[in-house]
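J.: One line per chain: the protein sequences are F and D, in this order. So for the first sequence, numbering that gives the first Met the number 0 puts the first residue at 0; every next one is plus one. So for the second sequence, numbering that gives the first Met the number 0 puts the first residue at 0; every next one is plus one.
To be clear, the hints were calculated from the coordinates, so they are not data collected in a lab. Any given hint could be a false lead.
When the alpha-carbon atoms are kept at most 27 Å apart in a straight line, the in silico DSS-like pairs for lysine-lysine are as follows [stated by the list, open to error]:
no.	chain 1	residue 1	chain 2	residue 2
1	D	Lys31	F	Lys42
2	D	Lys125	F	Lys5
3	D	Lys214	D	Lys35
4	D	Lys32	F	Lys1
5	F	Lys1	D	Lys31
6	F	Lys42	D	Lys35
7	F	Lys1	D	Lys214
8	D	Lys37	F	Lys74
9	D	Lys214	D	Lys125
10	D	Lys37	D	Lys221
11	F	Lys5	D	Lys210
12	D	Lys125	D	Lys221
13	D	Lys35	D	Lys125
14	D	Lys37	D	Lys214
15	D	Lys125	D	Lys210
16	D	Lys221	D	Lys32
17	D	Lys125	F	Lys69
18	D	Lys32	F	Lys42
19	D	Lys125	D	Lys32
20	F	Lys69	D	Lys32
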Amino acid sequence: MKTTTKLWLGIGILILLSPLGLILPERFQAGDAWGEWGADAMKELIGYIPQGLENLSVLWSAPLPDYAFKGWEAKGLSHLSLAYVFCAILGIAVTALMMLLVGRFLVKKR
Amino acid sequence: MHIPDGYLGPPTSGVMYLVMLPIWAAASRITKKTLKAKQVPLLAIGAAFSFVIMMFNVPIPGGTTGHAVGAVLAAILLGPWAACIAVSVALIVQALLFGDGGITAIGANCFNMAFVEVFIGYYLYKIISGASSITSGRRVMAAGIAGYVAINVAALSAAIMFGIQPLLHRAASGESLYCPYGLGVAIPAMLSEHLLFFGWVEAIVTALVVKYLQKQDPALLKAGER
Chain F
0 MKTTTKLWLG IGILILLSPL GLILPERFQA GDAWGEWGAD AMKELIGYIP
50 QGLENLSVLW SAPLPDYAFK GWEAKGLSHL SLAYVFCAIL GIAVTALMML
100 LVGRFLVKKR
Chain D
0 MHIPDGYLGP PTSGVMYLVM LPIWAAASRI TKKTLKAKQV PLLAIGAAFS
50 FVIMMFNVPI PGGTTGHAVG AVLAAILLGP WAACIAVSVA LIVQALLFGD
100 GGITAIGANC FNMAFVEVFI GYYLYKIISG ASSITSGRRV MAAGIAGYVA
150 INVAALSAAI MFGIQPLLHR AASGESLYCP YGLGVAIPAM LSEHLLFFGW
200 VEAIVTALVV KYLQKQDPAL LKAGER
């Protein structure tokens, strides 16, 4: 088997395991990453929402926020894990496709 | 380490975009000269690996979460300029599709993870590897150390961006406008969690994959060298 095939297989296994990145923080009651709190969490931390943060944080509404489907927040870990795997597949497909395009452009133009 | 929208004031995020533009231009110019058609799949793999490894949030029990970036591995496999493009693309997709990292902060996040981490990691790996053979244990060590140090320098860079916000912006009421934590809070917080936890994850992941490739396909490890 070619090494690149093996590496893609490895990435496939990582995709299937990726819900660990969701489940373990839940199990160990770990919160957001430092500096990545939402507006509500910020209010709990310092008592107010900084004005600029409030304005800018609504600038972009991602189609799959936090690697989940909108409205699935309360659906429980098994649903969220499924969404997480789906988002990993989609995100990696888009990323890899963009890299193939970029790579093609860079190779062709020499 | 994915700075969201609203944590950096427009001057900081604007400057970081301006800093990244010539870096991206140089990266495409230099990669154009060196990239061979058969390396393109590896480019996609490097970006995909970085993407997926960032989804593995590692919890600090009762505290925050964080993750490895995979940028040093990409740099070892692809060379620093191609790795800069690969990690940037992963970060841009994360921001646009999944809201992981702000769109105003794409310049800043790419600077930290696709430039600072990539280049520090790449040159540390090269320096520590020295003239050792491509399959030597020294290179596994070099990969681990490079991963550990580089992600920490990237975290420091992010912490400085967070930490200067209260100095730059303050409402008349005295309230912060953007990130409310100064350098004295941001740097110890970001560095301690990366020094104690996430740096080790980056080190182990980078070293393990290099060790695997030494056995599987040493020629691949040679390709990233120039």
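J.: Now look at each hint and say whether the structure bears it out.
T.: Evaluated hints:
As the CA atoms of Lys31 (chain D) and Lys42 (chain F) are separated by approximately 47 Å, the hinted pair breaks the 27 Å bound. Proposed proximity of Lys125 (chain D) and Lys5 (chain F) is supported: the alpha carbons are some 26 Å apart, at most 27 Å. Taking the CA atoms of Lys214 (chain D) and Lys35 (chain D), the gap is about 23 Å. The hint holds against a cut of 27 Å. Note on Lys32 (chain D) and Lys1 (chain F): the hinted pairing holds, with a Cα-Cα distance of about 26 Å set against a maximum of 27 Å.
A threshold of 27 Å between alpha carbons decides the hint, and for Lys1 (chain F) with Lys31 (chain D) the separation of about 25 Å falls inside it, so the pair holds. Taking the CA atoms of Lys42 (chain F) and Lys35 (chain D), the gap is near 51 Å; set against the 27 Å cutoff, the hint is violated. A threshold of 27 Å between alpha carbons decides the hint, and for Lys1 (chain F) with Lys214 (chain D) the separation of about 13 Å falls inside it, so the pair holds. Straight-line distance between C-alpha atoms of Lys37 (chain D) and Lys74 (chain F) comes to about 44 Å, which puts the hinted pair past the 27 Å bound.
With a CA separation close to 19 Å, the supplied pair Lys214 (chain D) and Lys125 (chain D) stays within the 27 Å bound. With a C-alpha separation of about 14 Å, the suggested pairing of Lys37 (chain D) with Lys221 (chain D) holds against the 27 Å cut-off. As the CA atoms of Lys5 (chain F) and Lys210 (chain D) are separated by approximately 15 Å, the hinted pair is consistent with the 27 Å bound. At roughly 11 Å between alpha-carbon atoms, Lys125 (chain D) and Lys221 (chain D) fall within 27 Å of each other, so this suggested pair holds.
With a CA separation close to 22 Å, the supplied pair Lys35 (chain D) and Lys125 (chain D) stays within the 27 Å bound. Restraint check for Lys37 (chain D) and Lys214 (chain D): the C-alpha separation of about 21 Å stays at or below 27 Å, so the hint holds. For the hint pairing Lys125 (chain D) with Lys210 (chain D), the CA-to-CA distance comes to about 16 Å; that is within 27 Å, so the pair holds. Simply put, Lys221 (chain D) and Lys32 (chain D) have alpha-carbon atoms about 18 Å apart, close enough for the 27 Å limit, and the pair holds.
Note on Lys125 (chain D) and Lys69 (chain F): the hinted pairing is violated, with a Cα-Cα distance of about 44 Å set against a maximum of 27 Å. A hinted pair counts as satisfied when its Cα atoms are at most 27 Å apart, and Lys32 (chain D) with Lys42 (chain F) does not qualify at roughly 50 Å. A C-alpha spacing of about 21 Å is found between Lys125 (chain D) and Lys32 (chain D), which places the hinted pair at or below 27 Å, so the restraint holds. For a cut-off of 27 Å, the pair hint linking Lys69 (chain F) to Lys32 (chain D) is broken: about 43 Å separates their Cα positions.
Violated hints, listed in ascending order, are 1, 6, 8, 17, 18 and 20; each of the other numbered hints is respected by the structure.
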